Structures are given as structure tokens and as C-alpha cells.
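**Student:** For the record, the sequence lines run as chains A and C.
Whatever position you read off the first sequence (first residue = 1), add 890 for this note's numbering.
Counting from 1, position 54 in the second sequence corresponds to residue 43 in this note's numbering; the numbering is continuous, with no gaps.
The hints are simulated quantities; they were obtained by calculation from the structure and are not laboratory data.
Model, not experiment: these values are computed from the prediction.
FRET-style restraints, in silico, Cβ to Cβ:
no., chain 1, residue 1, chain 2, residue 2, range
1, C, Asp234, A, Gln1163, 58 to 66 Å
2, C, Asp5, A, Ala1218, 22 to 30 Å
3, C, Thr56, A, Asp1195, 33 to 41 Å
4, C, Lys3, A, Asp1195, 18 to 26 Å
5, A, Ala1222, C, Ala230, 45 to 53 Å
6, A, Thr1268, C, Lys(-4), 44 to 52 Å
7, C, Asn31, A, Ala1222, 26 to 34 Å
8, C, Lys20, A, Thr1268, 46 to 54 Å
9, C, Lys3, A, Pro927, 52 to 60 Å
10, A, Asp1239, C, Gly7, 23 to 31 Å
11, C, Glu120, A, Ala1218, 35 to 43 Å
12, C, Asn31, A, Arg1256, 34 to 42 Å
Once the Cα atoms are required to be at most 30 Å apart in a straight line, the calculated DSSO-like pairs of lysine-lysine come out as:
no., chain 1, residue 1, chain 2, residue 2
13, C, Lys113, A, Lys1257
14, C, Lys235, C, Lys13
15, C, Lys142, A, Lys1153
Beta carbons are placed, not taken as given, at the ideal position from N, Cα and C, and that holds for glycine.
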Amino acid sequence: MTLTDSARENLEAGLEVKHQITSHLNPPPSYDLADHPAPTGREEIWRFTPLKRLRGLLDGEASDASLTWDTTLPDGVTLSDISVDEARELGELAPGDRPSALAVALAGGATLLDVPADTELDEPVVLRLHGENVDDLVYGHLVLRVGRFSRATIVLVHTGSARYAATTSVLVGDGAQVNVVSLQDWDDDAVHLGRDAVLVGRDASVRHTSVSFGGDVVRMHANVEYAAPGGEAELLGLYFADAGQHLEHRLFADHNQPRTKSKVLYKGALQGQGAHTVWIGNVLIRKVAEGIETYEENRNLVLTDGCQADSVPNLEIETGEIEGAGHASATARFDDEQLFYLRSRGVSDKEARRLVLHGFFQDLIRKVGVPEIEERLTATVEAELAKNVLRELD
Amino acid sequence: MSTLEIKDLHVSVKTDDGPKEILKGVTLTIKDGETHAIMGPNGSGKSTLAYSIAGHPKYDITGGTVTLDGADVLAMTVDERARAGLFLAMQYPVEVPGVSVSNFLRTAKTALDGEAPKLRTWVKDVNAALEKLNLDPTFGQRSVNEGFSGGEKKRHEIAQLELLDPQVAILDETDSGLDIDALKIVSEGVNRFRAQEGKGVLLITHYTRILRYIEPDHVHVFVDGRIADQGGPELAEALEAEGYDKYLSAVR
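Excised from the complex, chain C in its bound form:
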């Protein structure tokens, strides 16, 4: 049971020419159990929103608030945010050589729960999660993200989503680079997560393709660091037909 509330969020990044504002006032509330899709062209600030909520040090929050059930997310460290119930499935998951997937998953689960998971059920849970995402049982012995194909990286992110079981999941272009079979497998994983009571999803995507498998409650169109339009699932269909041109020309 969680509500993620983003109010008038302004975010900058450092550049050689000084700070550059990427998010120019974003307001968005994901209520208990809702799935929101954020769509927009490249460079519109979609990923910046995802990484800012997760607490990536590259982004400076210059204004606004983010709360999870009233708690100030922006005051939390990166790991505190995860322990508060936030999860970010990354577009480019990072390689951690020499650290096995099973070690990584167990360490994360222990950190989130404050105690080590019970060995017997945990091994079973991990194997089941990997199998549901069509990942080989030997996958657990591989180094985290090292030598993974693009599809394996994304399926590994969703396996983590299922095992770590957050309150709100932010999925940053989880659909990019996936073939249709992998897209279906990943979408099924997200839908299993959504089917549980009270789980929120913020689904960031460039394309409407994934919305055929994961139907959002709300769709927001992101352009130039702001929400330019919002609506229900029908908005995604309109974007499919018309693209982002009309929003972009308004900005120019």
C-alpha cells in the first residue's frame, strides 16, 4: 500500500557550461496499485526522472519534493530509498565482475529484510524467479551483468523485481532492445508484480509496443522536462498513430 508523490520536481546536471536544467517542474502522483506510463522522445528527461527518484549522485535536485507515503525520499540515501520500497529497473544495468548473481541477490535481500533469507526457501525462490524469466539455472553463478546479452540484462532486472518485491517499481526503458519473445517474458514478470495488491509501477518507454502487454492506468507525455499531456490508455494509441511531432513543434 504505497503512494509515490512527485511535486514540482526540478533537476539539473552539471555540464562544462554550468548546470543545465533537465526537469522543469514535474508533478505526478502514483496512487496505490496504479501503473503509470511515461512516454516521450529522447532527451525529454524520462530517465532523469527515474534516476533522480532513485538518488543517482549525478543529478542535482534544485526544487520540489518526492515522497513515498509521506516520507521524504529526497532526504534518503540511495540504499535507504530501496529499503523504503523503491526499485529501479535500469536501462543499462551495471556489470559487477566477480560478484555472482546469487551472491548479489542474497546480499540485496538480506539488506532489504534486515536478516538473511531462509536458505532452503530462498534457493527455491531464486530458481523459480530465474525460470519464469527463462534464465538458465546456471545463471546464478555468472558475474552480475558481465557478458550478459541485452535481453538477459533486462530479464535479470525483472527477476530482481520479483524477488526483492518493492512497493513501487520504476522501469526505465525495460523494453528497449528486446525482441518480441523477450518483451513478452519481461511483461509477464511485470504483470505478476502488478497483480499483487497495492504495487505501483512507473513505466518509462519510448515506444508504445510494451503497452500492448502492460496496460497502464495513466499515460503521461514528457517533452522538454515537463509533462506536456496526459490521459488514459487511449493517449498511447494516439501517440502510436501520430508520434511526438505535435508536442515537439509546440516546444520549438
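Only chain A is shown next, with the shape it has when bound in the complex:
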């Protein structure tokens, strides 16, 4: 099964305002909560999300609860509290939906992680965020700033439980090389609505990986736009939905500068009754974005009956003067030919399935580029497999 969808927005060239998002799937960013009314579920951007299971996270109730932070900060890296105004002055990316607007409005200030210019980090920055209870309503507002010509890896790990609405801006200086990993390893009842927005500097390169295993409802945006020409972004994702889980990933590559690149690869597996995954890819190639290159791809493996994988790639093109643009989406069960090939070498059915799944994810895991995380992901994938799909074959 392959789903494809593409749309074209007719825009008057003169109407285009810099940093004004004009994509039909991504409403204009705004700090004003009035611009982000509570959704009914009929909106294009909300129609896949089970609003009733958000436990009031979009109501806009004030809360001073927080997650506990445990951090590993290499020398030269600082973590500090800043005001909402200061976050805006730093050039963070404005909220694009209600959860991120609520996070800014109600978090009471932002946390700034600062990697100064010309800094090469040999060890990753690790931010471990832990929630105690799903009754805790938590708003998170983060700015990760990596100065020009720096090289840094930043890992965010979410564990425990909470109702968590968060927005994170990743501001990448000119020529910097940044690797960001966000791991959603929540307990079964957590609700997490997050938006990571990356601003790529001139000739900078960024890899962002979003990994979702735990939680009842997890809905993550990974957005990228460019401050200047020549930037590259690779957006990776891995998710594994068990029975009853809703894991949603929404991507947006906004090619607002010439000669920029984006590459998206998300892979997911589903097992158990009511496991639901959603992947919405969106690439906007603006009129100014000549010479860009983009590719987005989503692959889902459906391991049992009773699962649903929604996968919709979108491409909005305002200029044809580009190097290349494409997308692919496939949702399938095990490939009989792969299983036959492995079994014809003596490998049992169960071992063949384990091997195919291992390979399906390993293909992505080896691109992440953070050895500690790669090992953890491999182990988690094996544990997920042992939980259900392989046990049934015993």
C-alpha cells in the first residue's frame, strides 16, 4: 500500500513575507493564543489526533508543575533560565500550533542551553527530563542555541509520566554541525505534545532524530527552516506503537532559502489492538528556494491485526528551479519474499521475522550518529519485539 498526496498553493509572489508560513498544513506562527483556538478535531492538522485522550492538555489551564531535570553538560556548555521576551529576542521560532503557543504562554519563561561559538564537543549534552505523575500538567519552553562553527550533540530523554506540552527551538549558527536526538520513552499513560523547530544557519548541517516508544498519546512536530542559503537538515524518526498507543509525527521542511537541503526518513512498527501511528510529511519549496534538494520517506511495518498506520507525504512547490524533490511512503506487513529467502537458508520463521525487523530499524539506527543512543535503541527495539510479535510465534 502506498499513499501519496501533493498539493500546490497558488500564491502571489508579492504576498510572500519572510518567515510567514504559507503552507496549508502549517498555520502562520503566532504567540497570540487567539490564533490557536482549541481544536474540534475536524481541523486538517488535528483530524488524526484523539483529542479526548489528551486529558485536558489543550484547555490552557495554568500550572506550575515541572519535570525534574538531570543533565550532563560538557565543559563550556551552560544552562540558564531566560524570560519569554529574551527567548523571542534570541530569534526562537514562534509557536505554530496550540500546544506550542500554550507552552510559551504558560511555562513562565524558557530554559536556554548555550553552546558557544567555535566549540567542538566530544561528549553529548544530555538532558534527562522525568515526570512523576500523569496528573501533573507541565509546560516546557526550551531554546537550544549552538554558536557558529561549533559541533555538538544534544540528547533529550523523556521518561516517567506527565501531561506535557513543549516547544523547543534549535538555533544553529553558520557552519555549525548539530545532532539532536529526542527520545520519548514515557510510561504508558503519558501525554506529550511537542514541537521541535530548527533554524539552520548558513552552510550549517543539522540532524534531528525523534524516537517514540512510550506514552499513551505522543504527537511530535519536527520543523526545519533556514536562516541563510546552503544549510542541510536530516530529519530521522523511529517509533514503535503497542496496543492502544497513539504515536504521531508531523514533519515540516520549509525551504525558504536557496540551495538548502532536507532529507526525511521515519520508520515505524505497530503491534497490538488499537496501535495507531500517524506520519504527516510536508515540504514547502518557496519561490526563492532555487537549487534546493529534498526527499521525504516514511515506512511502516504492521506486525499484527488491529493496527492502523496513517502516512501522508505532502509537497508544496512554488518554484521548479530545483535540484530534486521527492517522497515515498509505504505501509506493509512482512515481505513474504524476504522471509522465504531467509528461511530457505535454514533460519526459522520466528528468527527470520526477528532478523527482518532488526534490519528494518537498524537501517535507520545506524544513521543516528550517537553510539550510546544507537545501542539503547537497538536494545529497546529487541525488547519491543520480544513483547508481542515474536512471542506469538512460539
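Take the given structure of chain A and dock chain C to it, following the hints.
**Tutor:** Then chain C, alone, in the frame of chain A:
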């Protein structure tokens, strides 16, 4: 020491118009240590025979028997057939993304032997097998068949033949798409396998070219799901000169 015995084998595939019979009664015995070539035009059922013996789910066995040393092959699962000593070198080996060649080979060897191979000798054996087939040592790190050239796929199949060391090997058009150098390398691999005592080979090919390097004991001509003619190596030479026309016109 193995005998593969195929008796009156009938095989169908499902089509939109209902089942279609592809093999219409094939009888063939590969005795201990023999090499049999099956030749025939496209669509004659050669590959169907290979995949039916290996147990591909696409093919329905509607009649006949296949035994390996008396054991009922058709009652076995695909992996049981391999563990019983059968090996199929495929015409179109399947890509398995993210699974490295070395992981794949080790997993297969472990499954066949019932225990993991001894690490030190195994790594040496794998490297030697790859080298003999002119495959780079880094080949082991690549994903199985992914991005392989046609020749690399075929050489990888024969490297598996040598490492997994079955009793009977079925080679399905292993020669197709190979240039002359690759054909020689692949043929040498098959001949090393054959040189061991008691190994049977069923060599399926459209062309006589590979039979210059791998000399068969028996040649069978397959036409329209049946064996239309059989003989010794001289039959292959006759086919080289005359082609399949006389058999085909008999069917029409």
C-alpha cells in the same frame, strides 16, 4: 551422501482465471554425487521446479512426491528443507535492508548446525569464501543483496553454497546476467562444491554456456512443464546447435 527423488510432480499457481498447472508430471532422480542440468525455453517450468522443491508458498503441489534420502520433502517447512540439506541459489536473490551479510551468514550457519560456529574459524572461513568469489572483505558489512550488482548477487549465492555446505544444491539460472569472468568465478565455486564426495547439483539454465565450465552427468530438456528429452552432455551440444525449436513445435 544424498539422493533427491522427484516423482510425477504436478504444480499449479493461482491466477485470476483460477489455478494454472505449470508442472505436468516431472520425474527425476539425482543420485549421490550427480550433476543434472535442466535446460529449456522461458516459461517451461524450470524455475517452478526449483522453487517448488524449496517450498515457496506461491506454488501449490497438486500431485507427486519429492524425497531426500527417503524423507518427505513436501511435508517439511521451508527452513526444515534447508536443514535437511537442500539449498536453492536464486535467480533473483532478495534484498534484506539493514541485515549485514556477515550477520545473515552467521545466523544461517547457526540455524543449520544447531549451534553458533566457532568465532575464530568462522570469520576465517567467511573471508576465504568471499575472497574465492572475488568479493571484497568489506562485503560482509553490506546489507544482504541491497545495492549489489547482478554479478555480486550471484557470487554471494555461491559463497553461501560453499559456507552452508548443503547435500543437494539447486542453482536457478545462476549464469544469467554474468559476464564471462564472473561466470568462470561462479563455476569454479560450484565445481569446488561438486568435488566433495556425495554432493548433488541440479543446474537450471537457459543457455549452454555455463555447461562448458560445469560438465553435467545428465541433461534434461524441459518443455511445457514436462521433460521432453534427456541424455548425456552431448544433448547440451545438440541444443547449442539446434535450439529448442523442434521440441516447441511438437508441443504446438
